[in-house]
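Asker: Protein chains in written order, with this note's numbering: chain U, 1 to 327; chain R, 1 to 275.
Since the hints were derived computationally from the structure, they do not count as laboratory data. The model shown is predicted, which means the values in this text are computed figures rather than measured ones.
Far from chain R, by Cβ distances over 10 Å, these chain U residues were calculated: (1) Leu107; (2) Val117; (3) Ile139; (4) Trp168; (5) Gly173; (6) His192; (7) Arg246; (8) Leu253.
Chain R regions said to be covered by chain U (calculated; three or more residues, Cβ under 8 Å): (9) 205-217; (10) 228-238; (11) 254-264.
Where a beta carbon is used, it is the ideal one built from N, C-alpha and C, also for glycine.
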Amino acid sequence: MVWRRSLAYTLRRLAQAVPTVLVIVALNFLLLQLAPGDAADVLAGEAGSATPEFMAQLRKTFGLDQPLGVQLLLYVKQVISLDLGYSFRHGMPVVELIGSRLGPTLLLMVTVLLTAVIVGTLLGAFAARHLNRWQDNLISMLTVLAYATPVFWAGLMLIVVFSIKLGWFPTSGMQQVAAFHEGGAKLRDIAHHLVLPALTLTMFYMALYTRLMRASVLEQFSMDYVVTARAKGLTERQIARRHVMRNAVLPVLTMAGVQVGALLGGAVVVETVFAWPGLGLLAYESLFARDLNLLLGIFFICTCLVVVVNIAVDVAYSLLDPRIELR
Amino acid sequence: MKGGLLRFLRHRPAVVGLVLLWAVLLGAALAGTIYPGNPFSIVGKPFQPPFGEHLLGTDSLGRDLAAGLLYGARTTLLVGVVATVIACVLGVALGGLAGYFGGRLDNLLMRLTELFQTIPFFLFAILLVAVLGPSLRNVIFAIAVVSWPPMARLVRGEFMAMRNREFVQACVSLGMGHTRIILVHILPNTLSSIIVTGSLMVATAILIESGLSFLGLSDANTMSWGFIIGSGRTVLRTAWWICAAPGLAILLTVMAINLVGDGLNDALNPRLRSL
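Chain U extracted, bound-state conformation:
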């Protein structure tokens, strides 16, 4: 019963997402119009390697001799059928290129999100339980620092300390290219490369969740049900474990869901710093190659990713907290 209801809910949310995606496509179209040169120039990647025949064909496909409204419709049709064009710089269709870079980014994001939520929640709860004592003050100070540190700079400084000076971790990439590891050795190699980029991005979000969890725990402890629990003789530890923490963690989860988009943005700089071969690095490369169409494609796919993750988080949330009505 519950599953059927959430399935219906999921489908309804997906249907609601359709206009959002369409607006994003229209936004991309607008950016194409703003770019110097006509759309065909941009779509060909400004690489100068497109043949005149190809350019003529592009202009025809996108109806560049037609009115703007028709152009928009043609563009939407093109994008909806997942034809995001061709990247001459990489010699590959944009969709395939993005697909090949999606995995590393997802790996980085999932690692960061899980670590930040788990450690942030624990630290926040710990700080709230030691309110205004030195533990709390120390954690508050660290979060203030982490919150103000530019992500790319944190990455560079971690490289200086842990790669250049100490030599504990590799400076860049996802695998040792020449090593050709297989199986377990390959996984260990990737994990070894993952540590620094994940740590860089985790620090900022961990600080955020720590602050949120601390405030949330303090708020829950002032609720009436805590008084009731005390009155019936539960120990503080029992109250914290069974009642307060479960309620306090909900705002953190909501926030984590909302921040997937911001996390993708952070991935761009972190992947650039560590040459992590994901979508962020691809975005940086396309920026340098002036491959605007590829950049637009990455933006489109990333936004779709955020929309899907948001829906998934909402569904998971409704399963976790039965009080939430599925509307």
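Keeping the supplied structure of chain U fixed, place chain R upon it in accordance with the hints.
Answerer: The following block gives chain R in isolation, referenced to the frame of chain U:
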């Protein structure tokens, strides 16, 4: 107001933030006096370490890093403040209209706000600067475009709460026009929240600006902290201090603004102090 000032000064981290912020402002103001001339000009041998001939050493082309840092403070503060002001005006206007009039307009504006919150904002800023070209004006525009949604949500909430209060109803029954009610009666009552959120937005704007200029998306004629880090990146192994100093400057500035914002929050919204 006096009580507010006292509360602000009692908040020790906020005072620390204020002192730091004054230092940055002073540095930016005195950049031209201490280092007359162009911060891009070459003053000596490249890769000089700090505390030698030049206070912070020189970068990979032999430019004075201390001069770059002071001129960079100008760019950073300018971009941060101007972009935030634009984002605030946009957010207050859209959020205020949505909250005051409600109904269909509210629905439409909130859908727009949600859309902008769904978009990966940093990627969108990159895209905007890449399309429009990396000039100071376009960077400010891009940051403003991605920064207004939180302000719109906040102001909408405040306006919705005020809309049904007695003093607003009294204004309506006096026959006052919407414009006057909004500008003269509701807006001043929401100002403290706007100031607090706005001050914290400056910090975010500075982080976005430094990220953009780190990726090479900054005006080629203005020195900025992100640009120094971005160009020093390639020589990290031999001259890590080139990247270290401007990053510390960003960290301290952003932290100072956050601390001052928190202090303002305590001072202006005493009701929220218990949280």
